[in-house]
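*Asks:* In order, the protein sequence lines correspond to chains F and B.
1 is the number of the first residue of the first sequence in the working numbering; add one for each residue after it.
1 is the number of the first residue of the second sequence in the working numbering; add one for each residue after it.
No wet-lab data here; the hints were simulated from the structure.
In this text, a Cβ means the ideal position worked out from N, Cα and C, and glycines have one as well.
One or more hints might be untrue.
If you anchor each label on the Cβ, the simulated ranges turn out as follows [what the hints assert, rightly or not]:
no.	chain 1	residue 1	chain 2	residue 2	range
1	B	R84	F	A155	14 to 22 Å
2	F	T125	B	S95	50 to 58 Å
3	B	R98	F	P129	44 to 52 Å
4	F	G111	B	R84	24 to 32 Å
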Amino acid sequence: MTEVLFFFAAALAIATALGIVLLENPFYSVLSLVANLIALALLFLLLEAQFVAFAQVVVYAGAVMVLYVFVSAYVGQPDHTPRPSGFINRLAPLFGLALFAELTIAVVGSGLQMLNSAGPDVPATYGTPAQIGELLLSKFLVPFELASFLLLITAVGALVLAQKRRGLDP
Amino acid sequence: MTTTWYVVLSALIFCIGLGGLLTRRNPLVILLCLELMLNAANLALVAFARAWGNGDGQIFALVVMVVAACEVVVGLGLIVAIFRRRLPVDADELSELRG
Chain F
1 MTEVLFFFAA ALAIATALGI VLLENPFYSV LSLVANLIAL ALLFLLLEAQ FVAFAQVVVY
61 AGAVMVLYVF VSAYVGQPDH TPRPSGFINR LAPLFGLALF AELTIAVVGS GLQMLNSAGP
121 DVPATYGTPA QIGELLLSKF LVPFELASFL LLITAVGALV LAQKRRGLDP
Chain B
1 MTTTWYVVLS ALIFCIGLGG LLTRRNPLVI LLCLELMLNA ANLALVAFAR AWGNGDGQIF
61 ALVVMVVAAC EVVVGLGLIV AIFRRRLPVD ADELSELRG
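Okay, chain F solo, but in the shape it has when bound (with noise of 0.2 Å):
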C-alpha cells in the first residue's frame, strides 16, 4: 500500500513539476504548482510528519498560492513569443540532466547505512502539532523568533514595493 501511494504521489509530482516548466500559460503553470504541493503533502504524510503536511496543503496550497493566482490574473499573459534558442536555453535541459545524475550518484553511493531503511520506529506522538509546538518553543525558539521577525519585515516590504511613488509612475 505505502509502495502504490509512494509511486503515485512521485508521478504525480514529477508530471505537475514538468508542468510548471513546460506549460505556456502562466496561470496553468500557477495551478500545476498547486498540484504539485499536494502531491508532496501525500509524500510527507508518507514520511509520518501530518503538521508538515498539514500547513503545506493551508498556508501553500490555499494562502500563498491564492496570491499567485491574483498575480498572474493581474500580469500573467501567455507566453507566445518563441523561445529563445540561445546558448543557454539549448544547454539548460542537458544541465540539469547532469545535476540529477550527479545527485543520484552522490546519494546511492555514499553509502550510508541510514539511507537503505526507512527509519526507525516512531512514537505514534511523531510529527504531530505537539511534538512540533514543543519542539519550536523548546529547541528552536531562536529560529522561530527570526522567522517572524523576517515575515514583519517582509510585510513592511511589500507595502513600499506596491505603494505608489511620485515621479515614477507614468
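Chain B: place on chain F using the hints.
*Replies:* Leaving out everything else, chain B in the frame of chain F:
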C-alpha cells in the same frame, strides 16, 4: 520505502525546477520554479527527519516554508511594480542593471 527513494525524487524535482529557472523568461514562472526547488529541498529535509526519527528536520522544513512565503511576497510585489511602470514583464528585457 527507503529514504533513498525520497531523496532521489527530491533531487529530480529540484533539477526540473533548475531547468525551468534557466529557460523561462517570465518572472512569474521563474518564481514558480524557485518554489519548486524549495519544495524539493523540503521533501529531502522531511525524509531525513524520518530517517533520524526525530522532528528537527520538520522544523527546518517549516522555516523553509516561511522563507518561501517571504520570497513570494517580495517577488510578486516586484512583478506588480514592474507591471505598473509599464515595463516589459520579461527577465531578458529587464537588463538595465547589467554590468
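*Asks:* State for each hint whether it applies.
*Replies:* Hint check:
For B:R84 and F:A155, the Cβ-Cβ distance of about 20 Å falls inside the hinted range of 14 to 22 Å, so the restraint holds. The hinted window of 50 to 58 Å between F:T125 and B:S95 holds, with their beta carbons roughly 53 Å apart. At about 47 Å, the beta-carbon gap between B:R98 and F:P129 stays in the expected band of 44 to 52 Å. One distance hint, 24 to 32 Å for the beta-carbon pair F:G111 and B:R84, is violated here, with the actual separation near 54 Å.
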